[in-house]
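Undergrad: The listed protein sequences derive, respectively, from chains A and B.
All residue numbers in the first sequence are consecutive under this note's numbering, ending with 276.
All residue numbers in the second sequence are consecutive under this note's numbering, ending with 254.
Because the hints were derived from the structure by calculation, they are not lab data.
Take these hints with a grain of salt, some might be off.
As the list claims (entries may be wrong) - Label-pair ranges, simulated between beta-carbon atoms:
id, chain 1, residue 1, chain 2, residue 2, range
1, B, Leu15, A, Glu143, 47 to 55 Å
2, B, Ala91, A, Arg21, 52 to 60 Å
3, A, Gly97, B, Ala77, 22 to 30 Å
4, B, Leu159, A, Arg62, 32 to 40 Å
5, A, Ala17, B, Ala65, 57 to 65 Å
6, A, Leu86, B, Asn238, 31 to 39 Å
7, A, Ser74, B, Ala101, 39 to 47 Å
8, B, Ala77, A, Leu123, 33 to 41 Å
9, B, Leu167, A, Leu123, 51 to 59 Å
To be verified - With the C-beta cut set under 7 Å, the calculated list includes, among others, these residues of chain A facing chain B:
id, residue
10, Leu27
11, Leu129
12, Met247
13, Val255
14, Met257
Unchecked claim - Example chain A residues on the side facing chain B (calculated, C-beta under 10 Å, incomplete):
id, residue
15, Ile57
16, Ile83
17, Leu86
18, Leu134
19, Gly251
In this text, all values refer to a predicted model and were calculated from it rather than measured experimentally.
We put the beta carbon where it would ideally sit given N, CA and C, even for glycine.
The residues making up each chain are set out below.
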Amino acid sequence: MTAPVTAIAWPARGLAASLHRRVHRHLASIALGLVVPLGLLVAWAAAAASGWLPEQILPAPRIVAETLVEMVRSGELAQHAGISGLRVLAGFSLGAGLGLLLGAAMGLSRRVEDTVQPLFTALAQVPTLGWIPLLMLFLGIGETLKIVVIAKAALVPVTLNTASGIRAIPEGYREVARAYRFTRVQTLRRLILPASVPPVFTGIRYGLTKAWTALVAVELLASAEGLGYLLVWGRQMFWLDTMIVAMALIGLVGVAMDAGLARIEARLQLWRIDAR
Amino acid sequence: MTTSSVTRLRRGLVLPLLLLVAWEASSRTGLVDPRFLPPLEAILSTALTEIRSGGLVRHLAASLARDLLGFAIGASAGAAFGALLGLSPLAARLFGPTFHAVKQIAVLAWIPIISIWFGFAESAKVVFIALAAFVPVVVNTKEGVASASPQLVEVGRALRFSRRQMLLRVFLPSALPSIATGLQLALIYSWLATVGAEYFMAVGPGIGGLIIAGRERFQMDLVMLGVVILGLVGFLLNATAASLAARALRWRTA
Chain A
1 MTAPVTAIAW PARGLAASLH RRVHRHLASI ALGLVVPLGL LVAWAAAAAS
51 GWLPEQILPA PRIVAETLVE MVRSGELAQH AGISGLRVLA GFSLGAGLGL
101 LLGAAMGLSR RVEDTVQPLF TALAQVPTLG WIPLLMLFLG IGETLKIVVI
151 AKAALVPVTL NTASGIRAIP EGYREVARAY RFTRVQTLRR LILPASVPPV
201 FTGIRYGLTK AWTALVAVEL LASAEGLGYL LVWGRQMFWL DTMIVAMALI
251 GLVGVAMDAG LARIEARLQL WRIDAR
Chain B
1 MTTSSVTRLR RGLVLPLLLL VAWEASSRTG LVDPRFLPPL EAILSTALTE
51 IRSGGLVRHL AASLARDLLG FAIGASAGAA FGALLGLSPL AARLFGPTFH
101 AVKQIAVLAW IPIISIWFGF AESAKVVFIA LAAFVPVVVN TKEGVASASP
151 QLVEVGRALR FSRRQMLLRV FLPSALPSIA TGLQLALIYS WLATVGAEYF
201 MAVGPGIGGL IIAGRERFQM DLVMLGVVIL GLVGFLLNAT AASLAARALR
251 WRTA
């Protein structure tokens, strides 16, 4: 019985070496990934310093950095980002909430699905960008417009993924539930809810991405505050530094939200395997 | 439990019909201001006059032309860049992180800065549409090329394939389904980008410009007509792309 012990000890040493190699490779790939951005930054700075790139086309990196610091210090950036964030939060909660209800109804009842599906598909065919001008006529350009547009953007993927997630529950599971004579509530709580959480969450993640894109669209078209508005305002004043800061922040928030949800999603997928 | 298709059709028709009846009734009885909800025949007659005057065709043709031009530029650049990233690990490590960081910026956020760089001219719209088409093609081409089966690559090496042969006989066939997905996504994105570009740079003919003009003049019928066309074109582009992709990839199952 001694052999297995050494067999365990050996891989441990190998593990340390491979860990070391992996860290090394990881650092190398980070360094390689930085080559292009740094090269671009140097080229950008050099072009701006030599006057080859006029400020109205691309202001020097130093100016953009100064604008960023200034906007952070004055609280202007936080204010606009906060307004955008609240809009997404409100619109997304509304849209995702309704989407969960509608999707669950469609997934649970064939009759509801048959009734709602054709109209839903037809309406979902019109992109968010198409709904904005139409809704602007109905709702004006106030806060309601933004919330409704964002809610609609989140509603579609959440509904579709919830409905198909519930539909995709294997028939075998349902049979087991029937064999145990689960009540309706028990079936919902112990079968349908746990089995459909992963696909439903995928829909929620898509919904949040769509909500963020819709926010940018609606703020570009009709807003006097928010990150999208910063872009429009910068465009009018020819403040490219402001625009670059706003674009970077839009990208950053997008990444942060998606990365957070992706982590939760990965964890939920693990749970699904455990549940089997 | 199976419901016949007739029942399903009947169930599916209930809501749309109810909606149409409610719409027609409320605009006839004056329950809702017809400026907000024009009667259906008003929209139809707007459609007919727009078609007869040739205005609608002109707008649609202008939109589709810039859509396809931008798509062609963006998709071919994207396929080339994606193939480079997929074939060369060095290129992927050099350009990959930058590409993924920049790609996170919601594509519409590029419109204002592109309109500064290129003005409101046609070129600005085409550049923006190309950008929207570029991203999904890069992602999917890279994935497709990089996922070519190592055994096939091995076979190619054993047969001493030239670089060109490797590319055409090993990497391209195995990447095609993924590239097709990328192109299909790009076709949808570029249509949305066309409409977006026309909203913000509402100069010259185009469906997006038509909708914005209708909104400014408070012509609900025109806006609704434009929005329906927008959805219809998107649907048709998607359906065409899907059937083309299925036809092009038929050899895989055969």
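Undergrad: Would you mind marking each hint as holding or not holding in the structure?
TA: Evaluated hints:
1. B:Leu15 - A:Glu143: 47 to 55 Å: For glutamate 143 of chain A against leucine 15 of chain B, whose Cβ atoms are near 29 Å apart, the range 47 to 55 Å is violated.
2. B:Ala91 - A:Arg21: 52 to 60 Å: For alanine 91 of chain B and arginine 21 of chain A the Cβ distance comes to about 23 Å; the hint is violated.
3. A:Gly97 - B:Ala77: 22 to 30 Å: violated (41 Å)
4. B:Leu159 - A:Arg62: 32 to 40 Å: violated (56 Å)
5. A:Ala17 - B:Ala65: 57 to 65 Å: Given a distance of about 60 Å, which is inside 57 to 65 Å, the answer is holds.
6. A:Leu86 - B:Asn238: 31 to 39 Å: holds (34 Å)
7. A:Ser74 - B:Ala101: 39 to 47 Å: Since the Cβ atoms of serine 74 of chain A and alanine 101 of chain B sit about 26 Å apart, the hinted range of 39 to 47 Å is violated.
8. B:Ala77 - A:Leu123: 33 to 41 Å: At roughly 34 Å between Cβ atoms, leucine 123 of chain A and alanine 77 of chain B fall inside 33 to 41 Å, so the hint holds.
9. B:Leu167 - A:Leu123: 51 to 59 Å: Hint violated: Cβ distance 44 Å, outside 51 to 59 Å.
10. Leu27: Status violated, d = 12 Å.
11. Leu129: holds (5 Å)
12. Met247: At 5 Å from the nearest chain B Cβ, methionine 247 of chain A passes the 7 Å test, so the hint holds.
13. Val255: holds (5 Å)
14. Met257: violated (10 Å)
15. Ile57: Interface hint status for isoleucine 57 of chain A: holds (7 Å vs cutoff 10 Å).
16. Ile83: violated (16 Å)
17. Leu86: Hint violated; leucine 86 of chain A Cβ to chain B Cβ min 18 Å, cut 10 Å.
18. Leu134: holds (5 Å)
19. Gly251: OK, holds: glycine 251 of chain A within 10 Å of chain B, min 4 Å.
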